[in-house]
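Asker: Put together the whole structure using the sequences plus the hints.
Same order as they appear, the protein sequences are chains A and B. Take the first sequence: its position 387, counting from 1, is numbered 387 in my numbering, and each next residue is one higher. Just add 1000 to wherever you are in the second sequence, counting from 1, and you've got my numbering.
Bear in mind the hints are in silico, worked out from the structure with no lab data behind them. Among the clues, some could well be false.
Claimed, not checked - Using C-beta positions, here's what the derived DEER-type ranges look like:
| no. | chain 1 | residue 1 | chain 2 | residue 2 | range |
| --- | --- | --- | --- | --- | --- |
| 1 | A | Gly516 | B | Val1073 | 20 to 30 Å |
| 2 | A | Pro132 | B | Arg1086 | 48 to 58 Å |
| 3 | B | Ser1054 | A | Pro132 | 17 to 27 Å |
| 4 | A | Trp337 | B | Trp1033 | 26 to 36 Å |
| 5 | B | Arg1086 | A | Trp337 | 23 to 33 Å |
| 6 | A | Ser379 | B | Val1042 | 49 to 59 Å |
| 7 | B | Ser1054 | A | Glu235 | 25 to 35 Å |
| 8 | B | Trp1035 | A | Thr314 | 43 to 53 Å |
| 9 | B | Tyr1034 | A | Pro132 | 46 to 56 Å |
| 10 | B | Ser1054 | A | Val393 | 31 to 41 Å |
| 11 | B | Tyr1034 | A | Val144 | 38 to 48 Å |
| 12 | B | Arg1086 | A | Gly318 | 52 to 62 Å |
Built from N, CA and C at the ideal position, the CB exists for glycine as well.
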Amino acid sequence: MHADLFTLAAVKGVELAIFILLFGVVTVLGFLAARWRRGGSIEHLDEWGLGGRNFGAWISWFLLGGDLYTAYTFVAVPALLFGTGAAGFFAVPYTLLVFPIVFIVAPRLWSVSHRHGYVTPADFVRGRHGSPTLALMIAITGIVATMPYIALQLVGIGAVMRTMGISGEWPLIIAFVILAAYTYQSGLRAPALIAFVKDTLIYIVVIVAVIYIPIKLGGFKGIFSAADAKFTKSEIPNDGLLLADPQMLGYSTLALGSALALFLYPHSVTGLLATRSRDTVRKNMAALPAYSVVLALLALLGLMAIKAGVTPLTGANGKPDVNTVVPLLFDKMFPDWFAGVAFAAIGIGALVPAAIMSIAAANLFTRNIYKEYLRRDASPAEEARVSRLASLVVKAGAVVVILVLDPQFSIDLQLIGGVIILQTLPTVAIGLYTRALHAWALIAGWAVGLAAGLWMLYDTPNPNTAKPHFGGAQYAISKLGFGDTKMTVYTGAIALVINLVVATVVTLVLRSRRDGFTDTTEPDDYVVEAGDPGVRDLEPTAPEESTVPAGQR
Amino acid sequence: MAYDASREDRFTRDPDSAGRRGTVQSHERNTNWYWLFVLPFVFTLLPFIYNTTSPELIGIPFFYWYQTAWIVVTAVITFAVYVKTRGS
Chain A
1 MHADLFTLAA VKGVELAIFI LLFGVVTVLG FLAARWRRGG SIEHLDEWGL GGRNFGAWIS
61 WFLLGGDLYT AYTFVAVPAL LFGTGAAGFF AVPYTLLVFP IVFIVAPRLW SVSHRHGYVT
121 PADFVRGRHG SPTLALMIAI TGIVATMPYI ALQLVGIGAV MRTMGISGEW PLIIAFVILA
181 AYTYQSGLRA PALIAFVKDT LIYIVVIVAV IYIPIKLGGF KGIFSAADAK FTKSEIPNDG
241 LLLADPQMLG YSTLALGSAL ALFLYPHSVT GLLATRSRDT VRKNMAALPA YSVVLALLAL
301 LGLMAIKAGV TPLTGANGKP DVNTVVPLLF DKMFPDWFAG VAFAAIGIGA LVPAAIMSIA
361 AANLFTRNIY KEYLRRDASP AEEARVSRLA SLVVKAGAVV VILVLDPQFS IDLQLIGGVI
421 ILQTLPTVAI GLYTRALHAW ALIAGWAVGL AAGLWMLYDT PNPNTAKPHF GGAQYAISKL
481 GFGDTKMTVY TGAIALVINL VVATVVTLVL RSRRDGFTDT TEPDDYVVEA GDPGVRDLEP
541 TAPEESTVPA GQR
Chain B
1001 MAYDASREDR FTRDPDSAGR RGTVQSHERN TNWYWLFVLP FVFTLLPFIY NTTSPELIGI
1061 PFFYWYQTAW IVVTAVITFA VYVKTRGS
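Answerer: In structure tokens form, the structure reads like this:
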């Protein structure tokens, strides 16, 4: 153990060299992306914020894969299995159920957004429900839910850095400054181009890892019995190779709730709206599960780490940081050069979603706060300028959050983020089908659901760490007054049910008072495809007027 | 680009477009195929179906390989539904 600590304190030269090399390649790509597939001037939010809105099936597959399967997921899910076993595997039903849901719902959002030029989910809410207040709430919810998600991407890079023996915060700051610079320059095209590198590396690393590591560890049989032995011995409740009976409801509600929430995150919407056609969205939903297979295989790495005898490094707060488990496993099992490739995959994997998330949050600010409340007559060029600056602020904010606050705080916030973004479901997802729910009722449901969700999260202790509040997103049913049971339910699901009940009741009370809320969408807005009347032609063409090259502004 | 900045019609009905809107039919057909999507929900959201270790597959307990297999099955279902409902 002592010797272990000593060697880990030293910087790993080969790993670091390969990491820096690949990071450099990606940085160059990020800046070059400004000139890639250029349509009109980048001084327009459709260009900077949605990459010209004409990504085809392949680019979208890489972009959405890079967007939805973040580095944090790739680090945290195996860490969950390492810590608790079966309960962490909820990520598999979660990420497979996303596709049917998005396949059915998202094309409607694509169509209405392309006909009306909506850039954010709150834009749609503004047009559909006719209420700027409701749109503002959706926008703020989106920004608040996204910020900690960006901060968590830094946690992923940090785990890799620490494994390579690099301590201190300056590497994180450098990585994010570079990221901020090329996102500012190239907009959504930067993560789209980098996603090719990221995903290729991830696929190579995972395929090698799930073949090579089990062989080195003597097969899956031994891996699972080592994990079983660990869970049987530990005193933590609710861990094990299988779910305990009271855990099942919590497992499936968490999987379903997370699947419903994913599509509501602003960065998912940004990725979906950047596609060229409705057909591209649908086609991608059949192809994206390839990433879920990768995630499932990666999750098993958490159990392999148990067999390999990995001990998590101590984090900045003095507690063991389980997020270092996967990097440590790679470090232990792979030759140095390949461990470097694997670390680069995780590090670059953090940059892609961080870029898209900051663009999505910036677009929300620009479209639904700045333009709506501060400068009504802002031109598209001004919108693009504001959004670019806002993306810098968002990323700076994420860095400050990670540096100043305990990383645990970001993880808590991310937990809260999932619960609160789910509260936008009645307004956004149900709104895509019907206006039956009154705008004020949606606002009331959102507020009550949010309050209930936050209160339940506050009221959840974590028995494993003796943390009294924000101990997890599973709420004990017994606290709701349903008898003496150990069963738990996903907090977000309870809050969503409360939200829907309030929204329905208030709608019934307010029946027939629709004055002041105009729906500016038509029924066929939800089914149109690229090329139909009223859908803007966004095929890439040579710039009509002379635009200043992106590098010389 | 075709987009004219001076006429922001995102949140207003565009008077010129009154004639061309409201007339497009859905491009998808046979949407009854969507019912196939009930399958993954039923078979992955009821954990008591698969919360066992046996039968194992190359040493992997049932719980783990069953759910992983459903990713592939869902992908196949989604592709089939995509092909069957793709219209003009």
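Asker: Of all the hints numbered above, which does this structure not satisfy? Sort the numbers upward.
Answerer: 1, 2, 3, 4, 5, 9, 10 and 11
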